[in-house]
Structure formats: structure tokens, C-alpha cells
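Undergrad: Chain by chain, the residues:
There are 2 protein chains.
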Amino acid sequence: MYGIILAGGSGSRLWPLSRELYPKQLLNLISDKSLLQSTFERLTYFMPQENILSITNVKHASNVKMQLSELSSHINLLSEPVSKNTAPAIALAVKYIAEKSDYDPVIIVVPSDHLVNDKEKFLQTVKKGEILAQQGYIVTFGIKPSYPETGYGYINTDGKLLSSGYKVKEFVEKPDAETAEKYLQKGTYFWNSGIFMFKASIMLSEYKNLTPEIYNISNEIDFEKSPDIPFVSFDKMPNISVDYAIMEKSSKIALVELESDWNDLGSWQSIYDVSKKDSEGNVFAGHVIDEGSKNSFIYSSSKLVATIGLEDTIIVETEDAILACKKDRTQDVKQIYETLKKQNDDTHLIHKTVYRPWGFYTVIAQGKGFITKIIHVNKGQKLSVQSHNYRSEHWVVLSGKAFVKLDNKELTLNPGHSVDIPVKAIHSLQNPFEDDLEIIEVQKGDILLEDDIIRYEDMYGRV
Amino acid sequence: MYGIILAGGSGSRLWPLSRELYPKQLLNLISDKSLLQSTFERLTYFMPQENILSITNVKHASNVKMQLSELSSHINLLSEPVSKNTAPAIALAVKYIAEKSDYDPVIIVVPSDHLVNDKEKFLQTVKKGEILAQQGYIVTFGIKPSYPETGYGYINTDGKLLSSGYKVKEFVEKPDAETAEKYLQKGTYFWNSGIFMFKASIMLSEYKNLTPEIYNISNEIDFEKSPDIPFVSFDKMPNISVDYAIMEKSSKIALVELESDWNDLGSWQSIYDVSKKDSEGNVFAGHVIDEGSKNSFIYSSSKLVATIGLEDTIIVETEDAILACKKDRTQDVKQIYETLKKQNDDTHLIHKTVYRPWGFYTVIAQGKGFITKIIHVNKGQKLSVQSHNYRSEHWVVLSGKAFVKLDNKELTLNPGHSVDIPVKAIHSLQNPFEDDLEIIEVQKGDILLEDDIIRYEDMYGRV
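Going line by line, the protein sequences match chains A and B. For the first sequence, my numbering assigns the number 31 to the initial residue and increments by one for each residue that follows. For the second sequence, my numbering assigns the number 31 to the initial residue and increments by one for each residue that follows.
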């Protein structure tokens, strides 16, 4: 079996913890592994690591690569140059696998940002799905509704039994409360988990029949020549979901009930639901002091959060933004995100802490003509050999040791030592030593942009 | 007339905006002047600046001095070496004024942290009080209750009229709701504003009769010799309020109704009450984005605060701590403050931004063996000539120009320039230029304490 992990989401509903450039799938929300890493691990229960292909947006590619490389030395990754929803991504990923494989494999497609804990039951479900996929069905995995949820799409099976699942009658959009209650009573409706399984040949022929535009553009792209997805072709793709392009139209859809636990972690409310609560129904994470709150979720990532007498309230504190929200309004976090986007406020886009292949940096202060960062370089890593046209830099080592190349000089700096990097000087910050390195960087200049960087050499292929 | 401003409070109920080392009276809560500055101005309506004496704790003396020097070149300030509540402070302040004055003056005592906007009506009240004070009464100013408040002490006049006020029958403690309702109905009860007025000789004789211990210790202190209050004497003072020591026991107490507006700003609820609200009853200050909150107070001092669907909620964001509190629970902020104190968490004590006579600094990052600050030096100011036994420092100029003395050298540094200050080197950072100066300071060392400072010269008398 092969697996496709869809890792391109932006997770706007978990702002301010998720950001456009550091979305939900990359976060350690529930365990010490990210949701992406947990998803990868879940697939390794029933396929070799080298059969797993991840597809993400180019914006997240280096982070996805970094996280997966902690689990595996075999990383197959496609990067979309622009976001075009799930239909084009799945088409390309299936084509990529079909071309690499000698036979007509069964492929499972999974979102990268859902929670599934029960390994055994998940495995049983996958086995049932595989039977139907081998019979030529496109298999969806559905969850038996336990209450009339209005935030999910539903799949109606109308009770027609197949060998290990149901024949699907129709996909339906998110219902209103009354309709959701009817679906619940009827018993033939399931929540759509976003997990699919099929034989490569079946899916490709459905693409050809049902959405020939995507199929034809996919065929323009030659993965033999280059593993990169060319912008010119991909930008022509229609921006649609696989549900809309294939699932709602195909007559080959079957459903297997997902018997394990499942949560889409689609809002702070759902994070609260899966978290362990105290006797008052509260979840406290980080540096929190409370007096008498109830049924609330308080998350502090950096500063002290003191709460008094709150009820059914969500507070999420990050270095540069704080969310305070009534628990039944967490779906509206998306609107805050959109408002920030409209206002050109980059708080929706990045954290003050930005992760890079070599470590991370945190902007600790900025003003007219300067930016100050703490830069953390993991042991054995190095930043690219680079220069800047508009800014000078000043580095002060805080801990660890720095190996610095500056024009034709090479320096080793100990804690407390500093060096000036003039405008246009060719330089590199490296940490070939045994401990992590931390420095303060003060950037000075009239123009201070992350883009003002000319790379000459880079161990992460970013030249 | 003479005035005494009581400026020693710690304002724990307005945490996290007020801190033990930067209390409520120093904050610009309502206008661009601090409550202390507004109080000083209010007194200048009816007395010369040089007749105003402030008394504060030594911890706040430099900040009180700095704020008052913005308004006046005549600053009379007594610093208590330890906190002993209001009775000892008022005794010493009255004695100080009585000794300086050729006649037996009328003195008004005012808290430094209350809000009074209506200048004309306040003045009328003061004139009425002065008549009774001249007649030998100790005059309290009372507010006619508009609702059964349980958070204030009450004064019962029992309706006995004097020429311009009432004879006071008794002081009563904070009542329960039922008792407060009775007081309101009765009509002879007033809220205690904490403002008093009296002839110096009358007050000193009441101290002598009613609390001879305080009176005798006061007489040990000779302000002719030194304006400083000696610790050895002052530490013997009992820790009690003037209400308890004098007002509740004296038979000479009168009350004048305070006809102006008045608010003790004693909780976030009362700050909300006096603030201008939008059509949904919300007060937003700073960088706030809201979706549908009601009757809430959202204060952001540094980061984005996004709120959704909150009701009757207070959020106060500062650089290092966030408070989220139901509006009817704001009295419990004091408990959070006490909890932090018990836990040795210094978040109750200082802000990350610390004000100094020469400007201020903000701690922007700290870790094992280092602290990084942004230091802001106002134009024309200089830090003391100093050295450190345990830490080295590294300075990078961000904006403005720095004049640096380092052992026997003198340097002028422009933006982007840096200098190393080794352990034990004698140095001074100065800004004799026309613009404010901003530098990054990186302190390095195994021991990093504010106390590790030896001062050789200081323009603010701190050697």
C-alpha cells in the first residue's frame, strides 16, 4: 500500500497558535510529536516509510521536511508552488506514485492535522477499506455521528451494505441544526473524515472522466524530468476540493465506518474537548494562575496568564498575540484571521519565532531602522553563505560557540564576543560544535526585509 | 493652606498594570498625567506649589520625584524607609509642616491615587472644610452613597448639622450588602473618601492624646538635622491607619459632603466605570480586535489582543503578564497578587519595563548567563559612573548618539556602533545630545543582579 499525506493546510481556526507560515499540522498540540509526525507514524503501521508521499505548499516545505526527517531517512515530498485546494494535489500525488510503482497500488490519502489515537481500531478500518478498494471502489472513511454537529459535511449511505462497508448515496454539505438532527435520527449518515482509499488506476480514470482539466494539466507535468511542480502548469489548475471534483460526482464511492477515535481539531473548542480537564472542567497549560474559573481552556506559551471567575472561555497567549474567546464562538476565530489579513497585519502570517532548517529565530525588538533577534543555531548546523544589500548586522554570542566566515576571514567567537557584518560583506554563521549556539543579532539599515538576502552556498539547497 | 499627598500605596488591585515597584499613583490611567500628577495639580488650585509635601515609600521616591519635577521646581518629599500605613506618615508630615511654618496652618491630606475631575465643586468643598477646620474640627470629606457599595468604609453623621457640614457620630467598617442597603436608606451615612483637613495644632494634640506612641517616636525625629526619616526610629512605629488611630477615636470629627465627582479607582471594575464606552458597553484600549463582545474592558499595552463574544469581562495585557477576569470578581485581583508574592514570582513586583531618573529600560530576553535589555536614555541625561564585579556588558547603539566613558577613554558612538564593557571597568553611558538614545545592552556573567553596581558619580544623588 502507498500513502499520501495532505500537508498544505493553513489552520486559520487555531490562530494565534497556528499561523499561515506555521500551520496546525506542524504544531505539538496534543503530544510531543506534531500532528504531521503522528500522521506519518500512523501510516508506518501498515506500509514502509518509503511508500509515504507528503504534499504541501512550498511555504511549508522546509518545515515539513525538517519534521519528517526526525522520523525517517526516506522523505518523499511534493511542493505546490501555489495553493489550489485538494483536487489538484491528490491528482498529482496519485500520478507520481503510479509512475514510480510497477503495479497498480492501493493508495490511502490522509489529512495531516487530525487526531487518531486508537491504533488497533484504525488498522482494522484500513483493512476493511482495502478490500473494497481492491474491488474498484473509492472508499471514504466515515464517523458515526454521536450528536447533531453542524460544522461537518455528511455522507449518506442509505443503508446499502457492501462486503465490508456501505455504498454511498450522496455527499451533503454542512447542515443546519434541524437537518443535522434528522441525519442523526436516520442512522445512514456519517461524518466525512477526509480520509480516502482507492486503486491508483481507478482514481486516475475518475479524474479523466469527471474533471478532465485537472487530469490534462497533470499529464503536462513530467516527474521523470524534475521532482518540482512547475508553476506555469500548476497555476492553471482549478481551485477545487476533491470532494467537489470527484467524490460528489463518482458512482464508485463506498464508505467504511471509522471505528477508532477521531477529532479534526478544527477549533479551540475541539482542542478543549480532547484535552484532560481538572475537576472544575478547566484545562490549564503553561504559566497560569487561576481563581475559580470553570470549563475554560487557558493556554500560556510565554507569559503569566492570571484568570479569575471565567466560565466557558478560551484564552490562548502567544508571544505577539492573545486570543480571548467564548467557547461556543471558536469558529469565529477565522474571522479575526481574515480581519488581520485585510488590515495587512502580519500577526496572522508569522509568529515572532520563525523556524528554519538550521534552528529558529525570535524577533525580540524592532523599531525605526533596527530589528533585534535571538538566533538559535542547532549543533552541527550552518546558515547559508550570504550577503545583504541594505543592512549591516551585529552579532553577540550568548551561549555556545560560533564559527563565523566574514569575507576572507574565519573567526571563532565565545560567549560575550561580538562581530560586525558590514553591508554587502559575504558572511556565514555556523555551529560545527557540540552545543547549540545562541546569538543576539542587531540588524541596522533603512531597508530591513527578510528578502534582502543573496545566498552563495546553502546546505539546505536554498541557493 | 498646606497640603500632604499620601503617595506610598502599592495598588495591588490594579495588577498587572500596577506593580509593587510601579504602583497605581504613578500610572497614566485616565489622562496623559499620572494620578499623582493630577493630585498635585488639584492642590495647586488653592495653595502655592511650595506648600505641598508628598510622602512616599523610599522604593517609589525617585519615580515620585521625577514625576513631580515635570510640574514644579519646588518639590517637598519625605521618604519612609519602611511601610507603616497612614497614621505614622501623616504624623510626620504634619510635624514637618508645623516646624517649617510660622503660624498654625490648615492642612489638607489627600490620597495620590483617586480621580476627581470637577475642579470647581472640589474647590467649594475645600472652602466649606476650611471653615470647620478653623473652628478646631478634624474634617473628613464624605461622598453621598448612590448605591449600597460594600467595598468602602462608611461615616455616620446622624444628621447633626454644623455651619458647613455635619458632626460625625461614628466610622464603620465595610458593611455586608444588607447593612449597606440600610445605610443608604438612612441617609446619614457617607463613603469615606480618605481626604482630611485640620489645623496642625489640633491634629498634633489628637496624636498626643490618642496615640502617644506615634507622637513620641515622631518627636525623636529632628528634621532640622536631616530631611531623611531615620530607619531606627521609624521602624518602631505601629503599623496602623489614621482612621483607626485617630478618626475613630477623636470627638472632634466633622464631615463635609464632597460634591464633585469622585472615584477611588480601586479595582478594574471602577476603571471600567469611569471610562468612555462604545454602544455595546465596551472599552477598548491599545491594539484590540473584537467580534461581538459586550460590557467588557480590553486593555492591550504591547501585543494584539483579539476578543470574541466576551461579556462582562476584563482583559489587561502587559509585557509580562495577562489578567483575564469576570468584571464582578475584580476585587480578587489582590489574591493573584498575593499568590505571586508567596510563590516568589516577581511578576507582582516589577514590570519588564523599569523607569529610572534618566529614562527607562526593558528586559527583552534573558537566559542562562545573559540578560538583554533595550535602554532608553532621555536627551540630556546620563547614567551614573559605575562598575560591576560580576558581569561584562556589551552595548550596541540603535538610535541617537551615545557618549561613553570607559576607564580613561571617552567615545562617541553612532547607530550600529558597539563597545564592550569588561568586568570591573569603570564606565558611564551618557546622552548629552539633542535626541533620545536607544541602545541594546547584553549583560553576560554567572551572577546577574541589579545590585551588582558600584556607583562613583551620579547626577541623581544615588552614590
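Read the hints as simulated data drawn from the structure, not as lab findings. Just so you know, not all the hints are guaranteed correct.
Since copy identity is lost for identical chains, a pair holds within one copy or between any two.
[Said to hold, decoys possible] With a cut-off of at most 25 Å between alpha-carbon atoms, the simulated PhoX-like pairs for lysine-lysine come out as follows:
no.	residue 1	residue 2
1	K398	K431
2	K412	K174
3	K357	K324
4	K204	K216
5	K382	K398
6	K212	K157
7	K279	K130
8	K149	K398
9	K324	K89
10	K199	K130
11	K125	K324
12	K372	K324
13	K174	K95
14	K398	K409
15	K398	K412
Undergrad: If you test the structure against every hint from before, which numbers come out violated?
TA: Those not satisfied are hints 2, 6, 7, 8, 9, 10, 11, 13.
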